[in-house]
Amino acid sequence: MRTFRKFGPMLFLLWLFFVNILYYAQFRELAVSRFPWLAHLWR
Amino acid sequence: MALAVSAGCAVLVLIIFLITVALGKHILEIAGVTADHSLDTVLFSSGAGFAVLQLLLGILGLVAGLTVGSVLALLVLLAIAGGRGWKSLFRLCRESAMDLSVVFKSGAARALGLCIFFFLGLEALLSTAPLTGSDAMHYHFTAPLVEIGSPEKPIFWLTHSFFIGLGHELIGLGLVLGGDKLALLLIFFGGCLTAAALFQMARKWMPLEWALAAALTFLMTPMVFWQISTAGSPDIWMGFYAVLAALAVGQADGSSARRWLILASVYAGAGASIKYTGWILPAVILLFVFWMTRSLLWAALCSGAALATGVLPLLRNFLWTGDPFFPFLSRWMEKVAVNEYALESIQADVHSHAFSTQPFHILYFLAAMTVRGADYGLGHYFGPVLLAFLPLLFFCNWRARLVWVAAALCGSMLLANALTTQMARFLLPAYPLALALAIFGAAVATREGGAYVRFGCVVTLALFGLFCLASDTLYAKDFLPVSLGLESKVAFLNRMAPDYQAATFVNTALAQRTGKVLIFFRHSYYLRVPYEDGDPSESWKMNPGALASPQTLLAFLKEQGIAWVVKSPEYPEPLAKVFEECEKEGLLVPEARTEAETLSGSSRIYNIRLKVPVVLMRVAN
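Protein sequence lines, in the order shown, are assigned to chains A and B.
Under my numbering, the very last position in the first sequence is 44; numbers go up by exactly one each time.
Under my numbering, the very last position in the second sequence is 702; numbers go up by exactly one each time.
Where hints are given, some of them may not hold.
[Said to hold, decoys possible] Over the 10 Å line for every Cβ pair with chain B, so calculated as not near, a few chain A residues:
| hint | residue |
| --- | --- |
| 1 | T4 |
| 2 | Y25 |
| 3 | R35 |
| 4 | L39 |
| 5 | A40 |
| 6 | H41 |
[To be verified] Covered stretches of chain B, as calculated for chain A (at least 3 residues, CB under 8 Å):
| hint | segment |
| --- | --- |
| 7 | 464-470 |
| 8 | 645-659 |
Since the hints were derived computationally from the structure, they do not count as laboratory data.
Virtual Cβ for every residue (Gly too), placed ideally from N, Cα, C.
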């Protein structure tokens, strides 16, 4: 339990980081279709 | 002018709402149940009232047909039946207003309230734009429009019309009394009620600011924004009834416990009446009833209540086709000849293209529907909050019955979806329950989990808020000019409604001519001449196996009274050969032709436009 309390929040932050990155990354194609100039950001 | 018409429709929605609340309150008084909170009472009353209204509209539609006279008469009768409910109504409104002034006491609550007001206002404006949603123009609005004015009949040339539930009767009511604007506003109002029910559920578990954050997250989520404003689908009503069913089970304590369980079954039945997949709601509620009462008699009584409010669409389909879930069981029912091509097409239509029932894939679906949403029926429109806060469910108070009911309802809907369709879009009714649980977990975790957890939760919610603000306003940009009266309806429809130009061409070309027209384009809502859909993937009548030669096809067209065929852009693949042979043999004679612009691709947000030929053919005598 002590280990969980110690590392749990960090693990949760890591989880949030990956979920958010993976989630927003999937809109790349849609964003570029509406704003072609955005394509430069992913070069 | 556009704003004045919209305001008139909003007043009509308010009147319908007041009638349902008065009627529902009267029903609650007769049942002898009293909610803890005035806003709870308004929501429970409204839910009961709408459940009765949609059921009676369904019966009226089947027996006599929906007309201005019959619908107005029904509303007047229900208003009279509201009886003593009207007296309580004004007290409830006053108490609810006082309660809301308490809710928005703190600065944070007022800021969240402003954000809620902004998104609600935007959604209300968008819902006053003319109908352009693809599925709505295909069947959600088209089938009720075709049925208006006379007793409902099976429409075999539009297989999706058998999916019409009691939520579509509210669309029918809107179409009869105020056109698509009123019908869309009623759907928007269903969204408002769902958000209010979610807020009431959330405030039982967490501080007011968090409950408001849950309601705001719900309203700004792109899926909800789209579904309650422009999509024209009645699925949101199922979400409303699902939350009410959970709240009613949560209230079932003390002497009136069993009466609350009956009421929960009524809401679950009303939810099931919206679409086939809704039958998971009464199944779960009945398990809870049996678990709580240990009585087969009460389980049977609650089953009866759920069936009474929800079974009408299934009964109608059974009488018409022998299959209550037409066409999915038609292979075994054998009352209506099976169209294998149409059945396979419709089964493909309700499955995501990445569908698989391998155990690992089902687990993968649960995560992938959020981060690879395009493969799983637009799951990414729900946002990342549920997946991100999944580990925080551990912090929910699992001793509370309401938590268990909410979790069981959304868990069973999720599991049923994963096993049958893997179309995340169908999970809209589970979303308010899942969101309430996720935010509950976050609210407790931010208090107990320390600074890191608080930082992660707040950043995730704020990031999603900014994303929603950008994507929702960008989406709204195309609709606001017509809603505000700055653009004409025709110019807007030419720009935004798929197949509108083809439909207006057919309307003009056939205005003075007799005979039905066979069409192959999907969006037929704006057709104003007698027509049938000829696409074999959409029409149960068009069986490619039975229409193999020009002679059989011609005989079929004559038998159906079809005098015209519209080729746009090409004939559907399984019937292309036989139609082309008809053209060569002079059985189909070109009469008029045009080029129409239409939207293409999986979604109009990609803004892919195509010019397609539209050719009107006369069927030779």
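Problem - Whether chain A covers the segment 464-470 of chain B (at least 3 residues having a Cβ closer than 8 Å to its Cβ atoms) - result: Holds, because 4 residues of the segment 464-470 of chain B bring their Cβ atoms closer than 8 Å to Cβ atoms of chain A.
Practice task
Compute the least Cβ-Cβ separation between A40 (chain A) and chain B, then decide whether it is above 10 Å.
Solution key: Holds, because the least Cβ-Cβ distance between A40 (chain A) and chain B comes to about 15 Å, which exceeds 10 Å.
Problem - Given as non-interface: H41 (chain A), which should sit over 10 Å from chain B by C-beta - result: Its Cβ never comes within 10 Å of chain B, the nearest being 19 Å, so this holds.
Practice task
Test the statement that T4 (chain A) is away from the interface with chain B: the closest C-beta pair must be farther apart than 10 Å.
Solution key: holds, 15 Å
Practice task
Confirm or reject the statement that R35 (chain A) sits farther than 10 Å, beta carbon to beta carbon, from all of chain B.
Solution key: violated, 7 Å
Exercise for the section: With a C-beta cutoff of 8 Å, work out whether three or more residues of the segment 645-659 of chain B approach chain A closely enough for the coverage to hold. Expected result: violated (count 0)
Practice task
Beyond 10 Å from every chain B Cβ: check whether that's true for Y25 (chain A).
Solution key: Per Cβ check, Y25 (chain A) is inside 10 Å of chain B; nearest 7 Å; violated.
Problem - Non-interface claim for L39 (chain A), where every Cβ of chain B lies beyond 10 Å - result: holds, 12 Å
When the structure is compared with the earlier hints, violations turn up for hints 2, 3, 8 and for no others.
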